[in-house]
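*Asks:* Single-letter residue listing:
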Amino acid sequence: DTGVSQDPRHKITKRGQNVTFRCDPISEHNRLYWYRQTLGQGPEFLTYFQNEAQLEKSRLLSDRFSAERPKGSFSTLEIQRTEQGDSAMYLCASSPAGGFSYEQYFGPGTRLTVT
Amino acid sequence: AQSVTQLGSHVSVSEGALVLLRCNYSSSVPPYLFWYVQYPNQGLQLLLKYTSAATLVKGINGFEAEFKKSETSFHLTKPSAHMSDAAEYFCAVPRVTGNQFYFGTGTSLTVIP
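Protein chains in written order, with our numbering: chain A, 1 to 115; chain B, 1001 to 1113.
None of these hints come from the bench; they were simulated from the model. These numbers come from a predicted model, not from an experiment.
Derived list of chain A stretches under chain B, where covered just means 3 residues or more per stretch with a C-beta under 8 angstroms from a C-beta of chain B:
1) 43-51
2) 106-113
Computed beta-carbon distance windows for the label pairs:
3) B:Gly1016 with A:Thr113: 32 to 42 angstroms
4) B:Ser1012 with A:Ala97: 35 to 45 angstroms
5) B:Ser1014 with A:Gln84: 38 to 48 angstroms
6) A:Phe74 with B:Leu1007: 37 to 47 angstroms
7) A:Gln17 with B:Asn1041: 15 to 25 angstroms
8) A:Leu39 with B:Ala1017: 20 to 30 angstroms
9) B:Gly1008 with A:Arg59: 24 to 34 angstroms
10) A:Lys14 with B:Glu1064: 40 to 50 angstroms
11) B:Pro1040 with A:Ser5: 17 to 27 angstroms
12) A:Glu103 with B:Gln1042: 15 to 25 angstroms
13) A:Ser5 with B:Arg1095: 21 to 31 angstroms
14) B:Gly1016 with A:Glu52: 47 to 57 angstroms
15) B:Pro1113 with A:Gln54: 44 to 54 angstroms
Beta carbons are placed, not taken as given, at the ideal position from N, Cα and C, and that holds for glycine.
Chain A with its partners taken away, still in its complex shape:
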């Protein structure tokens, strides 16, 4: 068990560019979550996958955001036409199937800076 990993850890991009982040959950965890954390705030839910199915999306996830989880393993979060307001830490978490599914294991996050 190597934990949840995210790549890249840091990303600096210019306004209007597209960015893509990757999350590798703990192996055999079938649930995967994306959160956004802005400075001085707690994480806010963006979206949730169970296996490859995206079951829920927050209103925070505008049309410029898209997330995928092909084959129910790793997930990607893409932001198109980035805006300065997108600058934040993007956190990924996973949890196992069944049992106490409330417990989520978080990755180290990807810090995005839009200039």
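Let chain A serve as the given structure and place chain B on it in line with the hints.
*Replies:* Chain B only, in chain A's frame:
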């Protein structure tokens, strides 16, 4: 809707002193509550969780929290602060479906040598 409120965005304590970080939850919340810790430039690490069993929950690194229904509180404590405890602490509650957490705004703990 479920929510948690953390009182005090910044707390400073001397090394060796008692740590008390406050969290209050809304009355409609399910009986699950969590505390997470976030060290600089890192993700969130689970400190402890309350799952309707014992009201006094012990976690990692010497932290514990007590669920008090009468006060709708789940405050985090540690008898003796260590320099390594300096971090951001988040109280959280899962939505009923368990598909997401609602986090508090966090409390930044500073430990003074």
